[in-house]
Amino acid sequence: MKKTLISAAILMTAMTGAATAGTLETVKERGAVQCGVTSGVPGFSVPDDKGNWKGLDVDLCRAVAAAVLGDATKVKFIPLNAKERFTALVSGEIDVLSRVTTWTQTRDTQLGINFAGVNYYDGQGFLVKKDLGLKSVKELDGATVCVQSGTTTELNMADYFRANGISYTPVVFDTNDQAAQAFDSGRCDSFTTDLSQAAGLRTRMQDPSSVGALPEVISKEPLGPVVRQGDDTWFNIVKWTHNAMLNAEELGLTSANVDKMKAESTDPNVKRLVGIDGPKGKGLDLADDWAYQIVKQVGNYGEAYERNVGKDSPLGLDRGLNALWNQGGLQYAPPMR
Amino acid sequence: MSSDISNSGHKPDGSAKQKAPPVSQPKFWNDPKKRSLLFQVLLLSILGFVFYTIIDNTLTNLEQRGITTGFDFLSREAGFGIAMSLIDYTEASSYGMTFIVGLLNTILIAVLGIIAATILGFILGVARLSDNWLVAKFSALYIEVFRNIPLLLQIFFWYYAVLRTLPQPRQSIEFFGSFINNRGFIFPAPVPEAGFGWVTFGFFAAIVASWLIARWARKRQELTGQQFPVALTTIGLIIGVPLVLFLFSGMPLGLDHPELKGFNFKGGITVIPELIALWLALSIYTAAFIAETVRAGILAVSHGQTEAATALGMSKAKTLRLIVIPQALRVVIPPLTSQYLNLTKNSSLATAIGYPDLVNVFAGTTLNQTGQAIEVISMTMAVYLALSLMTSFFMNWYNARIQLSER
Chain A
-8 MKKTLISAAI
2 LMTAMTGAAT
12 AGTLETVKER
22 GAVQCGVTSG
32 VPGFSVPDDK
42 GNWKGLDVDL
52 CRAVAAAVLG
62 DATKVKFIPL
72 NAKERFTALV
82 SGEIDVLSRV
92 TTWTQTRDTQ
102 LGINFAGVNY
112 YDGQGFLVKK
122 DLGLKSVKEL
132 DGATVCVQSG
142 TTTELNMADY
152 FRANGISYTP
162 VVFDTNDQAA
172 QAFDSGRCDS
182 FTTDLSQAAG
192 LRTRMQDPSS
202 VGALPEVISK
212 EPLGPVVRQG
222 DDTWFNIVKW
232 THNAMLNAEE
242 LGLTSANVDK
252 MKAESTDPNV
262 KRLVGIDGPK
272 GKGLDLADDW
282 AYQIVKQVGN
292 YGEAYERNVG
302 KDSPLGLDRG
312 LNALWNQGGL
322 QYAPPMR
Chain B
1215 MSSDISNSGH
1225 KPDGSAKQKA
1235 PPVSQPKFWN
1245 DPKKRSLLFQ
1255 VLLLSILGFV
1265 FYTIIDNTLT
1275 NLEQRGITTG
1285 FDFLSREAGF
1295 GIAMSLIDYT
1305 EASSYGMTFI
1315 VGLLNTILIA
1325 VLGIIAATIL
1335 GFILGVARLS
1345 DNWLVAKFSA
1355 LYIEVFRNIP
1365 LLLQIFFWYY
1375 AVLRTLPQPR
1385 QSIEFFGSFI
1395 NNRGFIFPAP
1405 VPEAGFGWVT
1415 FGFFAAIVAS
1425 WLIARWARKR
1435 QELTGQQFPV
1445 ALTTIGLIIG
1455 VPLVLFLFSG
1465 MPLGLDHPEL
1475 KGFNFKGGIT
1485 VIPELIALWL
1495 ALSIYTAAFI
1505 AETVRAGILA
1515 VSHGQTEAAT
1525 ALGMSKAKTL
1535 RLIVIPQALR
1545 VVIPPLTSQY
1555 LNLTKNSSLA
1565 TAIGYPDLVN
1575 VFAGTTLNQT
1585 GQAIEVISMT
1595 MAVYLALSLM
1605 TSFFMNWYNA
1615 RIQLSER
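Sequence order for the protein chains is A and B. All the letters of the first sequence, read from the start, carry residue numbers -8 to 328 under the numbering used here. All the letters of the second sequence, read from the start, carry residue numbers 1215 to 1621 under the numbering used here.
Incorrect hints may appear among the rest.
Okay, the calculated bits of chain A under chain B, using three or more residues with CB under 8 Å as the criterion [unchecked claim]: (1) 92 to 105; (2) 131 to 137; (3) 186 to 199; (4) 227 to 235; (5) 256 to 268; (6) 272 to 284.
Simulated from the structure, these hints should not be mistaken for laboratory data. Cβ atoms here follow ideal geometry from the backbone N, Cα and C, with glycine treated the same way.
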């Protein structure tokens, strides 16, 4: 809470600055991208035992740093809870918010922020203890449900239960981690959040195998990176960073083969992506090899997915909706030309 | 200017008397009154300008960045649930209602906390001065321990270490039809039936009667010196009259017993563990400070007073009640007010454990769903300011009432 107040104060003072410099110049001058992440959601943004941040959302920030500064390590991660995130972004405390944030109309149009794409298509589900023998969310009548405050999750749950005439008691926590712990210790009968996060938080529970998800997915949760409204250059950079990672996967470029492909490939699409040909860095105000740096240092979208939330991770999630468009998923990037 | 003065100073006295010299008005910057006025006006206008700039800039920038402003959101549908509400609240209620729900929950915890902290604090404060070694040392230990551990940690302790370890609803601890489990404390709710109005009437009638008796007893004592057991009569009346009426009207009070149905208990009244944890932590923490204040107040009453009372043959309890405490109160009330204000403001730590107070509900969920940080935070700050000012106003009034009326 204190952080929210401080952010609000910063918001007020930051806004008194008459003309603010562009985010790109600020980032270059500072020599680091300041990236708002969660305070710990496995698979998306979580520090490992050495204090290095890992996750799908983290990789997006690293990719932005690789594109802008040519060095994927030049990122400062700032953990935020759901309540603080937009204020922190609007006040300039962070340059990009990559924090499992759902794209909604209100957020996009009324908060002074822009969503730069969708890096994970998600949906909301419910975790319960398996020994209750529940088969459906509709059997949760009278249940106590743990949830994180200030999220779309809280609203979706209220909508869904109201529509189905189910009574419930919400217990609301500041972070998803606290909500998950409360569920684990028995304060609640169920814990609701985006299914991907549920999969991550489940791995941290006392006995992960005793916890299961109910079959219903009650909402659409397109999660993506967010930037301040009114800085189109920076908006484009973040948007095309994500697009470059998708296009790289589509073209079969990986961190392992990108050097070889850059030297040998005759495919004009590959040549444009690595910056030998085509629009290069012009218009984005970036170096010509910006997309090459992303693939070289961070990898393509598929690589980031598999190592953080996919089959190479403890979460082991299928690609599902997040497969490329030509493989039955929704991930589709405009062409780079 | 200065030469004018020196010139007039050099004039011989005689000439000055004959003909008054032209009154040399000092220039206004040499007049301390006018000068200070000038500086105050200057400072005020600078302050005004600064505030104007901040507000104007904020509004302009908010508009530029396409951030919605204004208080229209208060009438929009909130669409989220709240765990505990003293009034009727559903997901279909407005954001304005979430403000009221949060506010009432804040007031509830503040009032409960103040009552418990005061009682506990007075007992501990008196106990610390006790002649009984064990009682005095225990009280000192309590004060030193709870005063020196940060409040947030104490809240976490009660919530995570104590209440979380209670059994699940199915294994609830049961006593007298009430249940304790990790979902809270659930007890039967009284349901008034036809005829209960008489009991309520009897209760209020007893209060009025007690007040009249107390007045009569005071007058009689002033006139004749005879005493009347007012305290006992009052207790007897307030408990006895409603009880007799209750029995005579056929016990018109049903109980809504809680029952385990599905996941949780249905019926009865549930006190959520977040409220219990916050209440325990706030009262226990603040009581330690109040105890020290009370001790200071008692020590401020000179020992001669106690000796005089003893010389008059007053009992120890009577000395404490009639001589020491009334005088100690005068010293105690002002710092006690600060403690009450602290407790009220500290209740905003509720957000750490998810008790739905104003900060959690309104400055938390509502802020995030609407994104209108400036409006929401201003309203929240205004509430704490208003609550604190009201507490302080009441305490100042009480303080003025019990001050020595000097003649």
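Verify this for me: three or more residues of the stretch 227 to 235 of chain A with a beta carbon less than 8 Å from a beta carbon of chain B. Check failed, 0 qualifying residues.
Claimed coverage, the stretch 186 to 199 of chain A by chain B - three or more beta carbons nearer than 8 Å: violated (count 0)
Taking beta carbons only, do three or more residues of the stretch 131 to 137 of chain A come closer than 8 Å to chain B? holds (count 5)
Is the listed coverage of the stretch 272 to 284 of chain A by chain B valid when you require three or more residues with a beta carbon under 8 Å from a beta carbon of that chain? violated (count 0)
Within 8 Å of chain B (C-beta), three or more residues of the stretch 256 to 268 of chain A: violated (count 0)
Would you say the stretch 92 to 105 of chain A counts as covered by chain B, given the rule of at least 3 residues with C-beta under 8 Å? Holds, because 6 residues of the stretch 92 to 105 of chain A bring their Cβ atoms closer than 8 Å to Cβ atoms of chain B.
Consistency with the previously given hints fails for numbers 3, 4, 5, 6, ordered from lowest to highest.
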